[in-house]
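Peer 1: Single-letter residue listing:
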Amino acid sequence: MSQHAAADGAGPLVRPYAMTHGRTRPSSDNFDLIALVVAADGPVSTEGLEPEHRSILNLARQPVSVAEISARADLPVGVVRILLDDLRVRGAVQVRSPMSGAKAPTKRVLRAAINGLRAL
Amino acid sequence: MDEIPYAIKILVAGGFGAGKTTMVGSVSEIEPLRTEEVITAESVGIDDLEGVEQKTTTTVAMDFGRITLTDGLVLYLFGTPGQDRFWFMWDELSLGAVGAVVLADTRRLADCFPSVDYFEQRGTPFIVAVNCFDGAKRYRPEDVRVALDLDPQVPVLLCDARRRDSSKGVLITLVEYVLQRYSELENNGALA
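For the record, the sequence lines run as chains S and H. Residues in the first sequence are numbered consecutively from 1, following UniProt numbering. Residues in the second sequence are numbered consecutively from 1, following UniProt numbering.
Okay, chain S solo, but in the shape it has when bound (with noise of 0.2 angstroms):
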């Protein structure tokens, strides 16, 4: 995908992080890469939103992860953070963190996923 652009040198950065005006970091980080994200049911104001807030709005109609949102709009996830921050502060998205966040997932969780398994 990108790697050329990144071996020659150019960098892909540009045109990324001009996207988000510069910034580098969201103002708060918990979008981990398997946060889940759904875009809000009531209307929002898509005043100023990039076309890249917009395709996130679409991808999130159903529960989606920041992964999944990087690689279907093809956007590095450091830029699908800050724009997913942007979209949380308005009120746009809902955000629901990993079960688990930092520590790992508790018993109940890991009975659920061998049934779930087995299941498949």
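Hints are computed from structural coordinates only; laboratory data are not their basis. Please read all numbers here as calculations on a predicted model, not as lab measurements. Certain hints may be false.
As the list claims (entries may be wrong) - To give a feel for the contact side, a few chain H residues facing chain S, derived at Cβ under 7 angstroms: (1) Pro5; (2) Ala7; (3) Leu150; (4) Lys168; (5) Leu171; (6) Thr173; (7) Glu184.
Note that the Cβ used here is the ideal one computed from N, Cα and C, for glycine as well.
On the provided structure of chain S, position chain H as indicated by the hints.
Peer 2: This is chain H only, laid out in the frame that chain S set:
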């Protein structure tokens, strides 16, 4: 709004060509996706991207898949980035993970040593799945255990990463192992 599900993750590690993306793809309900993180050379393991214009950039790619386990629980499988210089990405991936599957290719067993070392040092529960490639000499799991110098409790099993049932069995083995470890820790009073 409908309740948003929770997500958990399992890592799939191993050397280049060991079958990581194949395994992810064989059980995932979506075609494996690729997500990329753009980083600067100077930022590796150190800090953020401020002052990006002066720095060279590189891209770390991770392949991943998804399995919806129940209405409220989704499992993500992440293939770990291959190059050793991307350990810092492993740190992010390992945080909060259920555990890891280390895929071993008996033709190039040494390729999975760094993964085994990493998870041992980090204390991340892992199992070793020997991917049985066509034409590769079959080894017994016990031989692989000795060759990798694994702790006796670490499960080692044979698998075919192309087959959904086989990959599913590997994941179940991992989660059962993690659950068993929890119970043992509780019995030893290590957990409150």
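Peer 1: Hint by hint, say whether it matches the structure.
Peer 2: Now the hints, each set against the structure:
Of the supplied interface hints, the one on Pro5 of chain H holds, with its beta-carbon coming within about 6 angstroms of a beta-carbon of chain S, less than 7 angstroms. Evaluation of the Ala7 of chain H hint against chain S yields a held restraint, the C-beta minimum of about 4 angstroms falling below 7 angstroms. About 20 angstroms separates the beta-carbon of Leu150 of chain H from the nearest beta-carbon of chain S, more than 7 angstroms, and the hint is not met. Residue-level restraint check for Lys168 of chain H holds (minimum Cβ-Cβ distance to chain S is 6 angstroms; threshold 7 angstroms).
A least Cβ separation of about 5 angstroms between Leu171 of chain H and chain S falls short of the 7 angstroms threshold, and the interface hint therefore holds. For Thr173 of chain H, the shortest C-beta to C-beta distance to chain S is roughly 10 angstroms, which exceeds 7 angstroms, and the interface hint is violated. A cut of 7 angstroms between beta carbons decides the hint on Glu184 of chain H: the least distance to chain S is about 12 angstroms, and the hint is violated.
In terms of the numbered hints stated before, the structure departs from hints 3, 6, 7, listed from lowest to highest.
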